[in-house]
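Engineer: Okay, here's what each chain looks like letter by letter:
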Amino acid sequence: MRGLDLEYMLGLVPVIAGYIPLTLAIAALAMLLALVLAVALAVERVARVPVLDALVLLFISFFRGTPLLVQLFLFYYGLPQVLSFLTAIDGVTATIMGLTLHFAAYMAETIRAAITGVDRSQWEAAQSIGMTQVQMMSRVILPQAARTAAPTLVNYFIDMIKATSLAFTLGVTEMMGATQKEAAGSFLYFEAFLVAAVLYWIMVEALSQLQKRLETRLNKAYAR
Amino acid sequence: MIRIEGLTKRFGETTVLNNINLEIEDGERVVIIGPSGTGKSTLLRCVNFLDRPDAGRITVGAVTVDAAHSRKREILALRRATAMVFQNYGLFANKTALENIMEALVTVQKRPRQEAEQRARDILSETGLSDKADNYPASLSGGQQQRVGIGRAMAIGSELMLFDEPTSALDPEWVGEVLDLMRSVAQKRQTMLIVTHEMRFARDIADRVLFMDGGRIVEQGPPEQVFDAPQDARLKRFLSRVAG
Ligand SMILES: Nc1ncnc2c1ncn2[C@@H]1O[C@H](COP(=O)(O)OP(=O)(O)OP(=O)(O)O)[C@@H](O)[C@H]1O
Ligand SMILES: [Mg+2]
Numbered sequence: 001m002r003g004l005d006l007e008y009m010l011g012l013v014p015v016i017a018g019y020i021p022l023t024l025a026i027a028a029l030a031m032l033l034a035l036v037l038a039v040a041l042a043v044e045r046v047a048r049v050p051v052l053d054a055l056v057l058l059f060i061s062f063f064r065g066t067p068l069l070v071q072l073f074l075f076y077y078g079l080p081q082v083l084s085f086l087t088a089i090d091g092v093t094a095t096i097m098g099l100t101l102h103f104a105a106y107m108a109e110t111i112r113a114a115i116t117g118v119d120r121s122q123w124e125a126a127q128s129i130g131m132t133q134v135q136m137m138s139r140v141i142l143p144q145a146a147r148t149a150a151p152t153l154v155n156y157f158i159d160m161i162k163a164t165s166l167a168f169t170l171g172v173t174e175m176m177g178a179t180q181k182e183a184a185g186s187f188l189y190f191e192a193f194l195v196a197a198v199l200y201w202i203m204v205e206a207l208s209q210l211q212k213r214l215e216t217r218l219n220k221a222y223a224r
Numbered sequence: 001m002i003r004i005e006g007l008t009k010r011f012g013e014t015t016v017l018n019n020i021n022l023e024i025e026d027g028e029r030v031v032i033i034g035p036s037g038t039g040k041s042t043l044l045r046c047v048n049f050l051d052r053p054d055a056g057r058i059t060v061g062a063v064t065v066d067a068a069h070s071r072k073r074e075i076l077a078l079r080r081a082t083a084m085v086f087q088n089y090g091l092f093a094n095k096t097a098l099e100n101i102m103e104a105l106v107t108v109q110k111r112p113r114q115e116a117e118q119r120a121r122d123i124l125s126e127t128g129l130s131d132k133a134d135n136y137p138a139s140l141s142g143g144q145q146q147r148v149g150i151g152r153a154m155a156i157g158s159e160l161m162l163f164d165e166p167t168s169a170l171d172p173e174w175v176g177e178v179l180d181l182m183r184s185v186a187q188k189r190q191t192m193l194i195v196t197h198e199m200r201f202a203r204d205i206a207d208r209v210l211f212m213d214g215g216r217i218v219e220q221g222p223p224e225q226v227f228d229a230p231q232d233a234r235l236k237r238f239l240s241r242v243a244g
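So the sequences go chain by chain: A and B.
At position 61 of the first sequence the residue is numbered 61 (this note's numbering), and the sequence of numbers has no breaks.
At position 243 of the second sequence the residue is numbered 243 (this note's numbering), and the sequence of numbers has no breaks.
For the record, the hints were derived by calculation from the structure and aren't laboratory data.
Note that CB positions come from ideal geometry on N, CA and C, so glycine has one too.
Watch out, some of these pointers could steer you wrong.
Stated by the list, open to error - Simulated DEER-style distance windows between Cβ atoms:
#1 55/A to 241/B: 53 to 59 Å
#2 36/A to 64/B: 38 to 44 Å
#3 131/B to 155/A: 36 to 42 Å
#4 32/A to 173/B: 47 to 53 Å
#5 131/B to 207/A: 38 to 44 Å
#6 118/B to 36/A: 34 to 40 Å
#7 155/A to 25/B: 43 to 49 Å
#8 25/B to 32/A: 54 to 60 Å
#9 134/A to 128/B: 30 to 36 Å
#10 54/A to 109/B: 34 to 40 Å
#11 109/A to 222/B: 54 to 60 Å
#12 70/B to 36/A: 31 to 37 Å
#13 134/A to 70/B: 18 to 24 Å
#14 243/B to 54/A: 54 to 60 Å
All chains should be built: construct the whole structure from the sequences, respecting the hints.
Structural biologist: Following this line, the structure appears as C-alpha cells:
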C-alpha cells in the first residue's frame, strides 16, 4: 500500500487534457457523419425500398451484432489487405470510419422509431398540400422526429466520446494513448489512468448537463 | 369543373365506395350527409388520393387522374389543385400559425417568401387570428386551430376545397366561429365539397346536398328538396334520426 502521488497527477492533467481537442474532434466528426448516415438508413427503413431494404437490414444487423473493437481492427488492419488502393489507412481515419458505421446502425433505429412516432395526421396534411416525399420528410416529419430522438442521440454521442479511447489500439495517440505512454515511463499506472478517467468523466458530465438543458428546451418547443 | 367518374374503393373485402359519379360546377357548394361508415370521408380522401381508389377517374380543373394508371406526378398535381380541411385540424405541429399557412406557398408553389408571408398575414387577419401569428398549434384552442386549418386551405387558392367534418372534433363553444369562417369562404364562390353533420349549416350553405349510404350516392338535390321532401326511405330515416 502506497499513497497517491498527487504532484505527479497534477502535472499530468495538462498533458492528457491537451488531447481532449483531438478526442472531441474525432467524436464530433464521427457523430456528424453517423447522423447523416443514420437519417438515410432510417428513412429507407420507413420507406422500405425493395432490395435496398434487405441491404440496410444486413448493415444494421452486422454493425450492431459485432464488437466495435473487432470492427476497428477490420478497417485498420483488414481493409488495406483486400482493397489495395488503401495501401495504408491511418488510425484516426479508421477510428472515425468505425465509429461512424457502428453508431449509425444504432442511431438509425432510434430515428426510425421517432419517424414512425410522428402522428399520421402530419403525414396526411403534408401530402394533402401536394408535398413531394422529400419535402414532407425535410419540412414536417424529420423536424418533429428530431425532437423525439434528440435526447437518445446525445446519449450515443456520450458513448462515442468514451469509445474514442479504442483508437489507442490502432496506434493513435489520443487521451488514452498519451496516458499509456506517460504511465509506461513513470510506472505510476494507477495515478495516470485515474487522471484519464476523471477527465473523461468531466467531459461526459458536462455533456449530460447540456443534455438536460436541451431536453427542457425541447419540451417547451412548439408549446408557445 | 370537378368530375368524379366510376370511383370505387375497397378495403379488403368490403366495397366502401361503389361506382360513384359526380360532377361539381365551378363555385358550387356541395354538402354530403349520411350515416356513419358509409364512405363520406373515403370519398373525400379518394378525391386527393390520400386513399388510392381501386377504379375511377378524378378530374379537377385541368388535372385528370385515372386510378388504373396514376403517376406520381399526376397525383401531386391533383393534390395541388385541391385543399383539405381535416376533422382533427392536421396543422403542422412544428410550425407556427403563420408558417402553417405559408408552407404550401413557399415549399409547393415556390412563391417568394415575402409574398407568401404577406398573403399568409392577410389570411390570418381574415380568419381573425392576426394576434396568433407566432403561436404554435398546441397553444391554440380547437376553434383557432381549425380556423388556421381553413386559412391554410384558403391560401393555396385551390380549385376545390374539401372539408371532412371540420367541426366534429370541436367543443360546442367553438363550432360557431368555424362555421362562420366557412360561410365567408363560401361567399367568395369557392368550390367546396363538405362532409358535415351540421344540418342547419348544410341547409344554409349548400347549393346541393348529397345523401350517401352504403358507398353510394342515394339521393341528391337542392337543400329544400332533400331536407323537406326526401324520397328515399333511408334518407327519411336518417333525417328523422338527426332531427330527433
Ligand atoms: N384505412 C381503412 N382500412 C380499412 N377500412 C377502412 C379504412 N378507412 C375506412 N374504412 C372503412 O370504410 C368504411 C367507410 O369509412 P368512412 O370513414 O369513409 O365513413 P364515413 O362515412 O366518413 O363515416 P363517419 O361519418 O363515421 O365519419 C367504414 O366501414 C370504415 O370502417
Ligand atoms: Mg368520416
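Engineer: Each of the hints needs a verdict: does it hold here or not?
Structural biologist: Hints, one by one, checked against the model:
1. 55/A to 241/B: 53 to 59 Å: Given about 56 Å between the Cβ atoms, the range holds.
2. 36/A to 64/B: 38 to 44 Å: With Cβ atoms ~40 Å apart, the hint holds.
3. 131/B to 155/A: 36 to 42 Å: For residue 131/B and residue 155/A the Cβ distance comes to about 40 Å; the hint holds.
4. 32/A to 173/B: 47 to 53 Å: holds (50 Å)
5. 131/B to 207/A: 38 to 44 Å: holds (40 Å)
6. 118/B to 36/A: 34 to 40 Å: holds (36 Å)
7. 155/A to 25/B: 43 to 49 Å: For residue 25/B against residue 155/A, whose Cβ atoms are near 59 Å apart, the range 43 to 49 Å is violated.
8. 25/B to 32/A: 54 to 60 Å: holds (56 Å)
9. 134/A to 128/B: 30 to 36 Å: holds (35 Å)
10. 54/A to 109/B: 34 to 40 Å: At roughly 38 Å between Cβ atoms, residue 109/B and residue 54/A fall inside 34 to 40 Å, so the hint holds.
11. 109/A to 222/B: 54 to 60 Å: Holds: the Cβ-Cβ distance is about 57 Å, inside 54 to 60 Å.
12. 70/B to 36/A: 31 to 37 Å: holds (33 Å)
13. 134/A to 70/B: 18 to 24 Å: holds (20 Å)
14. 243/B to 54/A: 54 to 60 Å: holds (58 Å)
Hint 7 from the list above is the single one not met by this structure.
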